Structures are given as C-alpha cells and as structure tokens.
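Peer 1: For the sequence shown, the UniProt record's numbering begins at 1 and goes up steadily by one.
FYI, nobody ran anything at the bench for these hints, they're computed from the structure.
Just so we're clear, the structure is a prediction, and the values are computed from it rather than from any experiment.
There could be a bad hint or two in this list.
[Unchecked claim] No farther apart than 30 Å at their CA atoms in a straight line, the calculated lysine-lysine pairs in the DSSO-like style are these:
#, residue 1, residue 2
1, K184, K170
2, K229, K36
3, K162, K127
4, K179, K116
5, K184, K194
6, K7, K184
7, K127, K116
8, K127, K184
9, K234, K7
10, K194, K171
11, K227, K116
12, K222, K194
13, K222, K253
14, K179, K127
15, K209, K222
16, K179, K162
17, K162, K234
18, K154, K179
19, K227, K209
20, K154, K7
21, K36, K81
22, K194, K179
23, K127, K209
24, K209, K36
25, K154, K36
26, K253, K229
27, K116, K234
28, K222, K100
29, K100, K179
30, K234, K253
31, K253, K81
32, K184, K171
33, K253, K162
34, K234, K222
35, K253, K100
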Amino acid sequence: MEILNSKIFGEASTATPLLVFHGLFGMLDNWGSFGKDLGEYLPVHLIDLRNHGRSFHSDDMSHDDLADDIARYMDHYGIQKAHVLGHSLGGKAVMQFAIKYPERVEKLIVVDISPKAYPPHHQGVIKALESVDFNTVGSRNDVEAILSQYIPEKSTIQFLTKNLYWDDNKKLNWRFNLKTLSEKYNEFVSNAVKFGIFDGEALFIAGEKSNYILPQDEYGIKQQFPKAKIVTVKNAGHWVQAENPVDFANVVKQFLGLS
Numbered sequence: 001m002e003i004l005n006s007k008i009f010g011e012a013s014t015a016t017p018l019l020v021f022h023g024l025f026g027m028l029d030n031w032g033s034f035g036k037d038l039g040e041y042l043p044v045h046l047i048d049l050r051n052h053g054r055s056f057h058s059d060d061m062s063h064d065d066l067a068d069d070i071a072r073y074m075d076h077y078g079i080q081k082a083h084v085l086g087h088s089l090g091g092k093a094v095m096q097f098a099i100k101y102p103e104r105v106e107k108l109i110v111v112d113i114s115p116k117a118y119p120p121h122h123q124g125v126i127k128a129l130e131s132v133d134f135n136t137v138g139s140r141n142d143v144e145a146i147l148s149q150y151i152p153e154k155s156t157i158q159f160l161t162k163n164l165y166w167d168d169n170k171k172l173n174w175r176f177n178l179k180t181l182s183e184k185y186n187e188f189v190s191n192a193v194k195f196g197i198f199d200g201e202a203l204f205i206a207g208e209k210s211n212y213i214l215p216q217d218e219y220g221i222k223q224q225f226p227k228a229k230i231v232t233v234k235n236a237g238h239w240v241q242a243e244n245p246v247d248f249a250n251v252v253k254q255f256l257g258l259s
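Put together the whole structure using the sequences plus the hints.
Peer 2: The following block contains the structure:
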C-alpha cells in the first residue's frame, strides 16, 4: 500500500494538523514558505498528490482515488482528524475527501476551485509538455525553449520546469506522470465532485483576478458545503498563495483561529 510523499513542519505541536495539497502539475515544494509559516502554530503536512512530485505513479486518477489516498495517509500517520486545504485539483481532492470521510475533517479550505465540472482548459500545456523529447534535450534551458513555443507566460514555464529532475539514466525527466495526467484529464477536471454534503466549517478562497470561482458558483458550493464562507483575496489570480502570500496566509490563519 503506497503512501503519499510529504514534508512536515511543526511536527512537535499537538494541535490539529493541517494537510495541504497542491494543484495540477504542482508539487509540495510550491507550498514551502506557507508550510514554514503555519508550522509555527500547528503541524503542517505538505503532500504530493499521486502522479505528482515524489509520490507514487498510478494509472488511476479519479477524485475518489485522491480522497482515499488522503484517508490512507492519515491512517499511516495516526491522524484521526485534520484540517485539509487544497488548491485547484488539490481542492477537488479535499472536497471529495470531506464528503466521503466527513468525520475526519475538522475544517475544510478550498483554494480557487468549486465542486463543478470544468471544461478542458489545459490542452495547450499538455501539448507543450508532450512535445519535450527527453532523448534529445540536454538541459533545462532546452526544455524551457521548447515550452516557450507553446506557452507565452514565463511564470507558467517556470512553474512547470520546477518538476524537472535527472533520472537514474542521467536523463532529464518530469516528476509528474504525464501519461496518466493526460489520459485521465477528463476524469479529474471535467468531472464534478460527486454529490454529497459536508456539513462542517468550510472556507473557499478565490483569487480576485481568477475566473475559477464565479459569483454564480456560490449556489452550487452552498448546496454541498452549506456552512461555506467565500473570501476573495485581492491582487491574486488562480495561484492565490503565490501571488498574494501574506493576505492568503492571514485568511487561512483567521479561519483556523490562529491569529
């Protein structure tokens, strides 16, 4: 039985832990400074989703699979109940987890995603990633040059190339499992979170410049998460925690009663 890879801050604290899950093509390292900051108050587990970072690769990638991974992770670390936070795809994972295992969630935090189905919108990124031939590239710069033919935003390219590493054959490779992420894309992006109700405290954090949580999504959110509060963080797009880290951390601390 494979357990998700993680990095833990504030392990000595006896407070209820916070489990943090990144988005598609991300990894736990994206959350390092947030983990360090919140680790002063409670144990923070930064976790790689399956098929991402240093976690195991699998052919399966449904919201249910992701929710069950979280339950297994908590069992492994002897955690009965936790606060769970997820961004984007990680947000879908923690929503499904809260609906499936409500007794294990103290407070739910969902960052810039709603439970609805989204139309496919990463085709350009997937095409760019698939166009990299690791038999012919010899450096990160080579990879960046290929990606820039498809992706105009420098910040997106930098985000993606954080996933590069030298494998055992001394070749560059992606840490994420591109094959499964591309094959199962519709299963985890174009599917809504399964219907169910989580009656506990929930916070949805939207980026002011992002269109992932729209005013009309509030009804759907409240149907499944009746106690949900929706807070918008100013001067931030979809990558709320990276674009306005101070305000983002303050909103989370307030909700968790840490400030």
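Peer 1: Now tell me if each hint is right for this structure.
Peer 2: Status of the hints after comparison with the structure:
Restraint check for K184 and K170: the C-alpha separation of about 28 Å stays at or below 30 Å, so the hint holds. For the proposed pair K229 and K36, the alpha carbon gap of about 25 Å is at most 30 Å, so the pair holds. Restraint check for K162 and K127: the C-alpha separation of about 18 Å stays at or below 30 Å, so the hint holds. The suggested pairing of K179 with K116 holds, with an alpha-carbon distance near 24 Å, which does not exceed 30 Å.
This hinted pair checks out: K184 and K194 have alpha carbons roughly 17 Å apart, not beyond 30 Å. Taken as a hint, the K7 and K184 pair is honoured in the structure, with Cα atoms around 27 Å apart against an allowance of 30 Å. A threshold of 30 Å between alpha carbons decides the hint, and for K127 with K116 the separation of about 25 Å falls inside it, so the pair holds. Between K127 and K184 the CA atoms are separated by roughly 15 Å; this keeps the pair inside 30 Å, and the hint holds.
With a C-alpha separation of about 29 Å, the suggested pair K234 and K7 falls inside the 30 Å cut-off, and the hint holds. Proximity of K194 to K171 is assessed by CA-CA distance (about 40 Å); at most 30 Å being required, the pair is judged violated. For the proposed pair K227 and K116, the alpha carbon gap of about 17 Å is at most 30 Å, so the pair holds. In summary, the hint linking K222 to K194 is supported, as the alpha carbons are separated by about 14 Å, within the 30 Å threshold.
A hinted pair counts as satisfied when its Cα atoms are at most 30 Å apart, and K222 with K253 qualifies at roughly 22 Å. Note on K179 and K127: the hinted pairing holds, with a Cα-Cα distance of about 12 Å set against a maximum of 30 Å. At most 30 Å may separate the alpha-carbon atoms for a hinted pair to count; K209 and K222 meet this at roughly 22 Å. A distance of roughly 18 Å separates the Cα atoms of K179 and K162; the hinted pair therefore holds under the 30 Å criterion.
Proposed proximity of K162 and K234 is supported: the alpha carbons are some 26 Å apart, at most 30 Å. Note on K154 and K179: the hinted pairing holds, with a Cα-Cα distance of about 24 Å set against a maximum of 30 Å. About 24 Å separates the Cα atoms of K227 and K209, which keeps this hinted pair within 30 Å; it holds. Taking the CA atoms of K154 and K7, the gap is about 27 Å. The hint holds against a cut of 30 Å.
Using a Cα cut-off of 30 Å, the hinted pair K36 and K81 holds, with the two alpha carbons roughly 21 Å apart. Restraint check for K194 and K179: the C-alpha separation of about 24 Å stays at or below 30 Å, so the hint holds. Restraint check: the Cα-Cα separation between K127 and K209 comes to about 25 Å, which is no more than 30 Å; the hinted pair holds. A hinted pair counts as satisfied when its Cα atoms are at most 30 Å apart, and K209 with K36 qualifies at roughly 26 Å.
Between the alpha carbons of K154 and K36 the distance comes to roughly 26 Å, so the proposed pair stays at or under 30 Å and holds. Distance check on the hinted pair: K253 and K229 sit about 14 Å apart at the alpha-carbon level, within 30 Å; holds. With a C-alpha separation of about 23 Å, the suggested pairing of K116 with K234 holds against the 30 Å cut-off. Distance check on the hinted pair: K222 and K100 sit about 17 Å apart at the alpha-carbon level, within 30 Å; holds.
A threshold of 30 Å between alpha carbons decides the hint, and for K100 with K179 the separation of about 27 Å falls inside it, so the pair holds. Taking the CA atoms of K234 and K253, the gap is about 17 Å. The hint holds against a cut of 30 Å. For the proposed pair K253 and K81, the alpha carbon gap of about 18 Å is at most 30 Å, so the pair holds. Taking the CA atoms of K184 and K171, the gap is about 26 Å. The hint holds against a cut of 30 Å.
About 28 Å separates the Cα atoms of K253 and K162, which keeps this hinted pair within 30 Å; it holds. Restraint check: the Cα-Cα separation between K234 and K222 comes to about 22 Å, which is no more than 30 Å; the hinted pair holds. Proximity of K253 to K100 is assessed by CA-CA distance (about 25 Å); at most 30 Å being required, the pair is judged to hold.
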